[in-house]
Amino acid sequence: MITSKFVLLLFLPWAVLSDELEAYVKTEGAWMVGRQRVFYTTASDLECAKMCDAEQKFICRSFLYSTKNQFCVTLMDNQRSSLLHRRNDIALYEKTIYLENCITGNGKNYRGTEYKTNSGKTCQEWTATTPHTPNYTPTNFPNEGLDSNFCRNPDNDSNGPWCYTTDPNQRFEFCNIPQCEEECFHCIGENYRGKISKTKSGFECQNWDSQKPHAHGYKPESIPEKNLINNYCRNPDGEPRPWCLTTDPNTRWEFCDIPRCTSNPPPSPPGLKCLSGNGESYTGNIAVTISGKICQAWSSQEPHSHGRTPDNYPCKNLDKNYCRNPDGESAPWCYTTDKQTRWEYCDIPSCDSPPVAKPAPTTSAAVSECYTGDGETYRGTTYLTVSGKRCQEWSSMVPHKHEKTPDKYPNAGLERNYCRNPDNDKSPWCYTNDPSVRWEYCNLKKCLEPPQLEQQPVKTTKPTIVSSSPDCMIGKGQDYRGTKSVTVKGYSCQAWNSQTPHVHSSFTPQTHPNSGLDNNYCRNPDGDINGPWCFVTTPGSVSWDYCDIPACASTEIECGKPKKRQRKCFGRIVGGCEANPHSWPWQISLRTSFNMHFCGGTLIDRQWVLTAAHCLERSKRPSSYKVQLGIHKEKGNEASKQIRDVEKLFLEPNKADIALLKLKSPALITDEVLPACLPPHNYVVPDKSECYVTGWGETQGTGKEGLLKEAGFPVIENKVCNSPEYLNGKVTNRELCAGNIHGGVDSCQGDSGGPLSCFDGEKYIIQGVTSWGLGCAQPMKPGVYVRVSVFIPWIEKTMKEN
8 MITSKFVLLL FLPWAVLSDE LEAYVKTEGA WMVGRQRVFY TTASDLECAK
58 MCDAEQKFIC RSFLYSTKNQ FCVTLMDNQR SSLLHRRNDI ALYEKTIYLE
108 NCITGNGKNY RGTEYKTNSG KTCQEWTATT PHTPNYTPTN FPNEGLDSNF
158 CRNPDNDSNG PWCYTTDPNQ RFEFCNIPQC EEECFHCIGE NYRGKISKTK
208 SGFECQNWDS QKPHAHGYKP ESIPEKNLIN NYCRNPDGEP RPWCLTTDPN
258 TRWEFCDIPR CTSNPPPSPP GLKCLSGNGE SYTGNIAVTI SGKICQAWSS
308 QEPHSHGRTP DNYPCKNLDK NYCRNPDGES APWCYTTDKQ TRWEYCDIPS
358 CDSPPVAKPA PTTSAAVSEC YTGDGETYRG TTYLTVSGKR CQEWSSMVPH
408 KHEKTPDKYP NAGLERNYCR NPDNDKSPWC YTNDPSVRWE YCNLKKCLEP
458 PQLEQQPVKT TKPTIVSSSP DCMIGKGQDY RGTKSVTVKG YSCQAWNSQT
508 PHVHSSFTPQ THPNSGLDNN YCRNPDGDIN GPWCFVTTPG SVSWDYCDIP
558 ACASTEIECG KPKKRQRKCF GRIVGGCEAN PHSWPWQISL RTSFNMHFCG
608 GTLIDRQWVL TAAHCLERSK RPSSYKVQLG IHKEKGNEAS KQIRDVEKLF
658 LEPNKADIAL LKLKSPALIT DEVLPACLPP HNYVVPDKSE CYVTGWGETQ
708 GTGKEGLLKE AGFPVIENKV CNSPEYLNGK VTNRELCAGN IHGGVDSCQG
758 DSGGPLSCFD GEKYIIQGVT SWGLGCAQPM KPGVYVRVSV FIPWIEKTMK
808 EN
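Take any residue in the sequence shown, note its place counting from 1, add 7, and you have its number in the working numbering.
Hints should not be assumed to be uniformly reliable.
Only pairs whose alpha carbons sit at most 27 angstroms apart, straight line, appear in this in silico DSSO-like list of lysine-lysine [claimed, not checked]:
hint: 1; residue 1: K452; residue 2: K207
hint: 2; residue 1: K411; residue 2: K280
hint: 3; residue 1: K726; residue 2: K207
hint: 4; residue 1: K570; residue 2: K496
hint: 5; residue 1: K570; residue 2: K669
hint: 6; residue 1: K662; residue 2: K571
What follows is a list of derived Cβ distance ranges for each label pair [as the list claims (entries may be wrong)]:
hint: 7; residue 1: T269; residue 2: W779; range: 44 to 50 angstroms
hint: 8; residue 1: D525; residue 2: K496; range: 18 to 24 angstroms
hint: 9; residue 1: C454; residue 2: K496; range: 16 to 22 angstroms
No lab work stands behind these hints, which were simulated from the structure alone. Beta carbons: idealized from backbone N, C-alpha and C, even for Gly.
Go ahead and model the full structure; you've got the sequences and the hints to work with.
Quick look at the structure:
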């Protein structure tokens with residue numbers, strides 16, 4: 008199956024390969040046509056790499072390898088000189104040396120593909136004799152890489168790479184190729200890829216994939232585009248220069264001692280006068296914030312002292328007092344001239360076309376988290392792929408440049424980074440945030456039946472247990488032994504023991520005796536993350552396709568998987584929205600013995616509730632409290648309501664703001680009452696992860712009083728949250744921050760003790776307990792939550808012993 012998304016990639020995806028393939032960069036799901044190519048049959052990508060090294064017909068810069076079809080294609084081109092397509096079961100391997108976009112020293116060893124001079128002239132081919140007769144040719148200088156018309160430095164010129172030009176009036180000119188950022192950094196060091204791993208005070212850096220001695224949210228697997236390798240200094244969050252967490256328990260982080268490069272920085276992309284993506288390329292002259300405040304000049308320290316100065320951020324166009332985004336915020340912003348408001352976002356008009364008018368929402372509108380057909384009409388909010396990768400925003404060109412943008416596909420629902428199917432593929436997909444994996448299908452299931460109407464009467468039911476059948480799959484379907492033999496595109500499957508019309512000697516009953524490769528049934532012998540597949544009986548370029556096998560229904564009640572669809576009101580409980588009834592079934596109402604709601608909590612087991620310790624300050628007697636479960640209205644007058652007395656109270660022994668309640672009798676697990684999942688011990692939620700807070704707390708006049716509200720917003724890494732712009736060092740390692748920086752959405756009084764629920768791609772996990780904040784929904788004052796993962800040993804021990 009070939010499905011194409013034509014694109015010229017401008018990003019180098021650093022994938023980690025085996026030792027034998029270290030000279031190559033791998034990108035999954037990418038197919039390249041190329042100007043010259045040769046097909047081979049090989050048994051592995053390593054063999055294909057050897058074919059590339061030995062290629063005689065041209066200089067091989069990259070190769071393609073297909074695991075299922077076991078073919079190898081050597082190519083003259085790479086991502087810098089040829090278009091890419093999207094295709095299953097294809098990996099592109101590119102020689103790193105030919106992907107270089109910078110030089111070391113005078114660029115004597117530069118082998119990149121730049122072919123323009125300083126003034127923009129096109130380079131002449133090194134083998135050509137017009138318009139200029141060259142002194143340096145591939146024949147005379149065979150080891151200088153004089154192929155095509157790429158910039159080179161065969162004479163060791165101190166000014167760097169050059170070329171003969173195609174302008175008859177100018178024989179040669181130097182090329183504008185920046186220095187590699189390995190021993191120094193340009194701008195703020197966003198592209199620094201060196202190996203310095205000590206701070207300015209001499210502290211050794213902590214490994215990015217380690218949580219000791221400092222727990223943090225900068226996880227390499229969550230933000231692979233930031234190149235967080237080993238313990239090397241990096242700048243993943245828009246600081247003025249590269250930094251790292253230190254191995255000193257008393258010093259959380261520090262800037263690194265890396266000099267600024269003396270050479271010219273790489274050219275910036277053209278500035279925009281409108282908002283595209285997060286506005287880092289905005290260079291307009293708007294200087295007023297969303298609330299109408301005048302911006303403070305970036306070079307001024309009055310009325311607000313700050314570090315976002317033109318000197319610290321030399322490449323960020325910090326002119327006058329114009330709105331800018333120098334540090335990777337969600338939109339352009341500025342410090343304000345109002346002493347009471349340190350900074351605010353700016354209202355910049357979008358570069359995209361005006362959105363197509365949508366029909367007015369119906370009462371209690373809900374969005375399905377399953378898809379029908381091929382998912383072209385799916386408008387849910389899932390943003391994780393089948394392998395758990397986070398989706399890239401459709402309006403963003405990083406890490407993958409593409410053409411599936413909201414303005415070009417206005418009817419495809421390309422909102423934020425939600426899974427969609429704009430090109431009629433087999434199911435919703437997205438570009439991923441992993442530079443080494445261009446795209447993947449999303450972690451979504453097909454709807455088994457039409458969605459229920461939200462206005463139907465609420466019924467309290469026990470979970471229905473559906474037995475597995477041979478024609479459903481568990482997980483990736485490696486154990487599927489059903490008899491389906493037609494693919495999603497309608498092709499009939501080719502028998503596994505047949506080699507016609509498609510040869511596939513690597514997938515036969517003999518090579519995979521335990522994979523059930525009998526007849527022509529759909530199977531998954533290679534553990535494909537997208538599920539069972541088969542070779543097809545139709546000759547041609549489409550040699551195989553996936554099968555549409557439904558997931559087996561679970562026979563057990565699972566935590567964190569609500570039976571009711573959620574609204575997922577992200578970024579709009581103060582300033583949030585009414586939740587769909589019973590869509591957060593672990594939410595409980597903690598009440599006085601007189602039935603007055605005063606705090607929230609989370610059901611984590613049939614007989615256990617997690618809440619905040621400060622919610623229990625009024626009394627240490629269990630009889631003073633009651634718990635209501637299965638309700639949407641604060642009045643609690645629904646048929647699904649369950650009331651439980653509290654048998655015991657357990658406060659965390661080190662006075663953290665977290666407590667456990669043991670119920671006198673277990674809750675009845677129904678569609679309206681279900682526990683949330685607990686996180687692994689010491690798990691740290693990655694920076695900018697989307698999470699949801701729920702509760703019946705104070706709404707401060709924003710409406711929907713007395714109904715369960717929800718609000719979604721991102722987690723803010725503690726390093727950022729503790730900066731002077733936010734909570735200025737008040738947040739401990741046992742806590743986490745979450746909220747919208749511009750305010751308007753937050754937990755508030757009455758939400759205390761309730762859950763901060765985060766989706767991990769499969770289920771909801773209780774990552775935080777609502778604890779404290781400076782006011783409610785105040786700008787730059789995000790809410791603070793107890794970090795549940797820190798207390799897992801205490802929680803498990805308490806539940807086991809009581």
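How the hints compare with the structure:
| no. | hint | result |
| --- | --- | --- |
| 1 | K452 - K207 | 50 angstroms, violated |
| 2 | K411 - K280 | 22 angstroms, holds |
| 3 | K726 - K207 | 18 angstroms, holds |
| 4 | K570 - K496 | 31 angstroms, violated |
| 5 | K570 - K669 | 25 angstroms, holds |
| 6 | K662 - K571 | 36 angstroms, violated |
| 7 | T269 - W779: 44 to 50 angstroms | 48 angstroms, holds |
| 8 | D525 - K496: 18 to 24 angstroms | 23 angstroms, holds |
| 9 | C454 - K496: 16 to 22 angstroms | 20 angstroms, holds |
Violated hints, in rising order: 1, 4 and 6; the structure is consistent with all others.
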